[in-house]
Amino acid sequence: MPNTGPAIVVDKLCKYYGANKAVDNISFTVKSGEVFAFLGPNGAGKSTTAEVIETIRVPTSGTVTVLGMDVTKHKAKVVRRIGVLPQNFSSFDRITVRESLQYFARVFGCRADVDALMDLTDLRHKSGAPFNTLSGGLKQRLGIAIALVSDPEIVFLDEPTTGLDPHARHQIWDVLRGLKARGKTVFLTTHYMEEAELLADTVAIIASGRIVAMDSPAKLTEEHAEQTRLTLTSIDATAVGLIRSLGFSPIPKGNDSLSVPIKTPDDVRRILAEIERAGLALGGLDVRKPNLEEVFLKLTKTPAVSAQVRAA
Amino acid sequence: MSPRIIAANLGVRLKSFYRERSAMFFTFAFPVILVLVFGTIFTKPEHLNFDLPVQDNSRSEASSRLLEALAAGDAFTVKPVPVAVDATQYAKEHKLNLLLVIPKNFEVLQKQRVVGPHAGVPVPLDYVYDPSSTAVETKIQLLHAIVAAANQKATGSPPAITLNAVSILSERYRFIEFFVPGIIAMAIMTSCLSSVLNMNAELLQKGILRKLATTPITRADWLASSIVYQLILAVVSTAAILLVSYFVFDVRLHIGIWLPLILVVEVVAFTGIGMLLTPFAREAESASAVANAFLFPMMFLSGTFFPVEMMPAFLQTFAKLLPLYYVNEALRSAMIFVDDAATLRSVGVTAAFAAVVFVAGTFRTRWDEST
Ligand SMILES: Nc1ncnc2c1ncn2[C@@H]1O[C@H](COP(=O)(O)OP(=O)(O)OP(=O)(O)O)[C@@H](O)[C@H]1O
Ligand SMILES: [Mg+2]
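Those sequence lines, one after another, are chains A and B.
Counting in the numbering used here, the first sequence runs from 1 upward without gaps.
Counting in the numbering used here, the second sequence runs from 1 upward without gaps.
Isolated chain A, as found in the complex (with noise of 0.2 Å):
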């Protein structure tokens, strides 16, 4: 049955480990063939998750629907329309690169292009390779793979670049791309901002177990981030007051530098062409864009997290 709503809907999750909260009432909608992005420190609450949703673990509360399809009630059913790449995946030691992907092709019952799976993921000169030799990006690789060998509708990528060398990881960026361009709805767990910022449509930002920001990138830095800052570096003193009587609220760094928070380009050049009339020297500049990381950092920021920055 084709499905026209959403591809997962959350409502209200929990999941406790014996006493431990990891997962504190969270409710999200992945939109079908959307990119979402699950971005927290670690022990946010991300595997767990992404394990309620592809039926490895069950809620202790709250609901979970896949494809229309609540996970708890269908798990037989939701299993078949999901791929999915665990975190540290991990497959069996002496079984080689090719039969691990026939292995999983069988066990799904369905006709996967082996080879063609191989070439998308870089694995071909090492079919042949039992488990246990291949590198880590490589098994993580074939994880990728083998996430992909049943067509999936959904795929989940628990940490897929982590531990890929840059090309690899621009590799994998690049499949990612060709899933979303094939119209699959893929679940990102990343602690890459640039790869969020990249490739997701929507990111949700997790901290404790609970979701504190969830939006596209661009709203999200827009709507959390500071604002742009130019830096000028070697400055005279006297520039502050010049600055500051253009509108601005330049702030002093340190090392004769001033940081300037702006809006738009012109600005820029209103400050520069000042600087430039009043014949200051200026040693050099720097424009900062806001960032996701910025974001990030802002949000999962924790009391004890920041008590130990300043112990530090």
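It should be emphasised that the hints constitute simulated quantities derived from the structure, not laboratory data.
Hints are not guaranteed to be accurate.
Claimed, not checked - Here are the computed lysine-lysine pairs in the PhoX-like style, where the Cα-Cα straight-line distance is at most 20 Å:
(1) 126(A) - 139(A)
(2) 206(B) - 139(A)
(3) 263(A) - 219(A)
(4) 126(A) - 15(B)
(5) 263(A) - 289(A)
(6) 12(A) - 31(A)
Unchecked claim - With beta-carbon atoms standing in for the labels, derived distance ranges:
(7) 259(A) - 283(B): 51 to 57 Å
(8) 246(B) - 76(A): 47 to 53 Å
(9) 76(A) - 40(B): 52 to 58 Å
(10) 61(A) - 282(B): 40 to 46 Å
The model shown is predicted, which means the values in this text are computed figures rather than measured ones.
Each residue gets a CB set at the ideal place from its N, CA and C atoms; glycine is no exception.
Place chain B with the ligands on chain A using the hints.
Same frame as chain A, but now just chain B with the ligands:
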């Protein structure tokens, strides 16, 4: 349950097994080596023959007759010991566990026994022995038997009682015949239990189970694959043990419909126990420990290496609580005694046990949350 998935699992497990040489060794070669070693040690030669060191201080006609009698039965080969030495010292130095000493006045005493004031007084014959030696018992018994026969002959009267041996078995039954079914049962038990525990611990520890849990594989598929896999190993290992014991020790056991049936029941029983023990063996290291803690008592107390009847009464009672005891009984009744009624009883007990642990094991194993 899907035959396609079971076949896929089976393929992966057999390939892994084949590529893991140490697993191959422990499953197939180890039991065969046990059969070879124990068979060689315990298979008694047709004619038991021991060396018997004798210090003949008499060197008379009477002592020669005695030595002849000792050598006659084929049981002993008489080895002369120098007359001058101290017998005890000599036995110690030469590590002899038995040394017969014929006294200097042997002939005189023997004559006196017949006539004169000392008539009827038996002639003393000393032997020096090492009580810490286990093999000496048999030798002393043989010695006693020969001396008794000599006594009886000397009195000239016919024996009052004679013993005729009638075996309950149509064929000869040697230790090795007893031993082989025990090794078959042990090999299957060990393979099932350690492989289930190690496999589960490995799948869990490495997180493979987490991946498998997101596929259409069900718990029933997984269990069925495990059982079929173990059955294949059981058949190969049993065949290897039977062939080696046939060709090396000429062990001819009855192989009928019971044997495959017993293998199936045993595999299900111990796979079930393996699943029940899985929660206690979540890491590879503890898996081996848990398996051994279970395997060793089972092996020694269930009559694998020696008959349960040799143990003290309370241990015998305990043995009858162990599933391996019934597997051993079943295999021996089927393969040695060819006793259908006894086999059926033991198979029945094992099957009931298998059903209980298997169902309990199935419920205990949580596919999802255990990850
Ligand atoms: N099997 C488990 N048993 C008990 N507690 C667990 C288990 N798995 C995770 N937890 C706990 O649940 C919380 C959330 O863990 P989770 O693995 O979901 O975090 P995460 O966001 O994926 O972290 P990371 O970025 O390090 O992968 C943590 O406090 C963790 O210690
Ligand atoms: Mg995680």
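Broken hints, by number: Hint 10 alone not satisfied by this model.
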